[in-house]
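Participant: What follows is each chain in one-letter form.
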Amino acid sequence: MPDEYASGPAPEEAGPLVRPYVMTWGRQRSDTVQLDMISVVIAARADVDEMSLEPEQVDILSLCHRPLSVAEVSAHLDIPVAVVKVLLSDLIGRGYVLARAPYTTESPVSRDILQAVLDGIQRL
Amino acid sequence: MASNDSDRPAETGPIPSAIKILVAGGFGAGKTTMVGSVSEISPLSTEELMTEASLGVDDLDGVEEKTTTTVALDFGRITISAELVLYLFGTPGQQRFWFMWDELALGSLGAVVLADTRRLDTCFPSVDFFERRGIPFIVAVNCFDGAYRYEPEEVREALSIADGIPIVLCDARVRDSSKEVLITLVQHVVATMAVVG
Ligand SMILES: Nc1nc2c(ncn2[C@@H]2O[C@H](COP(=O)(O)OP(=O)(O)OP(=O)(O)O)[C@@H](O)[C@H]2O)c(=O)[nH]1
Ligand SMILES: [Mg+2]
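In the order they appear, the protein sequences are chains A and B. Every letter in the first sequence is one number past the one before it in the numbering used here, and letter 119, counting from 1, is 119. Every letter in the second sequence is one number past the one before it in the numbering used here, and letter 98, counting from 1, is 1098.
Chain A with its partners taken away, still in its complex shape (with noise of 0.2 Å):
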């Protein structure tokens, strides 16, 4: 497994490095969900059919019983970023993962936000 992340082609264009490697599963989906570094992700059910996943993917859904960012779960998984998308990609289609969006410069940080990041910085 880990041969086939170190020959997939360059992650930045998200698409050639997660195509082949989600081909591999033969469930290629045209849906896969844009998940970014800071996306945050959490498990959503208990009643996992465990058979049916990549090990890595069983991993995953132990680590996220708690909110964790995409980062944190490569991190700690040791994965590339870029497969731990896809890996999640295909956790969220089947329900099995929840993942909350960033806030990016599509989604403005309004003044409560920025507030409420001082207060958190103050207290520290």
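Honestly, the hints are just simulated from the structure, not real lab data. Just so we're clear, the structure is a prediction, and the values are computed from it rather than from any experiment. Note that CB positions come from ideal geometry on N, CA and C, so glycine has one too. Heads up, a few of these hints could be off.
If the Cβ cut is set under 10 Å, some of the chain A residues that face chain B in the computed set are [what the hints assert, rightly or not]:
no., residue
1, Ile38
2, Ile42
3, Pro55
4, Glu56
5, Gln57
6, Ala71
7, Val73
8, Pro102
9, Gln115
10, Leu118
11, Ile121
12, Leu124
Starting from the structure of chain A, add chain B with the ligands where the hints point.
Facilitator: Relative to the frame of chain A, chain B with the ligands by itself:
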């Protein structure tokens, strides 16, 4: 999956939304140190795979000779509330990985550019990057032992930093100092928003 906790994930509350701040600067400027001094977890490291061709190195002949390499990103976490988590990302110091910054920079709240007093000019490309993309940033001068102690205005002059951009002195190893830096950044972001709209 044996613990009770993981057996009832469906009962979890709202999923928090995340926001990020970048810590940039030259090689060895103290980026990882700053992330670690304020993070509630020890800094994590994640790697991105990329090909040499996408690095723009020796790719004049097309895409035949791609070799895969990895770039490590350090990051830390500050949980603001049940609905909001702040991530701090240290950007890769090496110049050839700058192209990655676009993904990193996308949607970030703002950036701290760490200036290393032993070699001030190494932070200039970071300053340039955030200026070009209109990402709010401040300059934090990391005072290394034995190095010349700059006044903020000397740094402003040396790096041609615009007047409205805060410049603060810091010690990235000290949590309170790094906190002050982040607070200055967020206040600057608020001020920038006030001007824009
Ligand atoms: N005296 C002093 N030393 C510092 C300070 N900040 C960092 N250092 C030291 O400088 C060295 C480099 O710090 P790092 O945090 O690894 O720097 P970096 O920017 O992450 O480095 P790269 O990721 O390799 O570019 C470490 O040995 C730190 O302990 C500071 O404010 N004062
Ligand atoms: Mg570092």
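Participant: A separate judgement is required for each hint: does it hold in the structure or not?
Facilitator: Structure-based check of all given hints:
Residue-level restraint check for Ile38 (chain A) holds (minimum Cβ-Cβ distance to chain B is 4 Å; threshold 10 Å). Look at Ile42 (chain A): its Cβ gets to within about 5 Å of chain B, closer than 10 Å, so that hint holds up. Hint status for Pro55 (chain A) relative to chain B: violated, with the closest Cβ pair at about 13 Å, above 10 Å. The interface hint given for Glu56 (chain A) is violated, since its Cβ lies 14 Å from the closest Cβ of chain B, which is over the 10 Å cut-off.
With its C-beta approaching chain B no nearer than about 12 Å, Gln57 (chain A) sits outside the 10 Å limit, and its interface hint is violated. This hint holds: Ala71 (chain A) has a C-beta 5 Å from the nearest C-beta of chain B, less than the 10 Å allowed. Annotation: interface hint on Val73 (chain A) holds; nearest CB of chain B at approximately 9 Å, less than 10 Å. With its C-beta approaching chain B no nearer than about 4 Å, Pro102 (chain A) sits inside the 10 Å limit, and its interface hint holds.
Interface hint at Gln115 (chain A): satisfied, since its Cβ lies 8 Å from the closest Cβ of chain B, which is below the 10 Å cut-off. About 5 Å separates the beta-carbon of Leu118 (chain A) from the nearest beta-carbon of chain B, less than 10 Å, and the hint is met. For the restraint placing Ile121 (chain A) at the interface with chain B, the shortest Cβ-Cβ distance is roughly 5 Å, inside the 10 Å limit, so the hint holds. Taking 10 Å as the C-beta contact cut-off toward chain B, the hint placing Leu124 (chain A) at the interface holds, the least distance being around 6 Å.
In this structure, the earlier hints numbered 3, 4 and 5 are contradicted, and the remaining ones agree with it.
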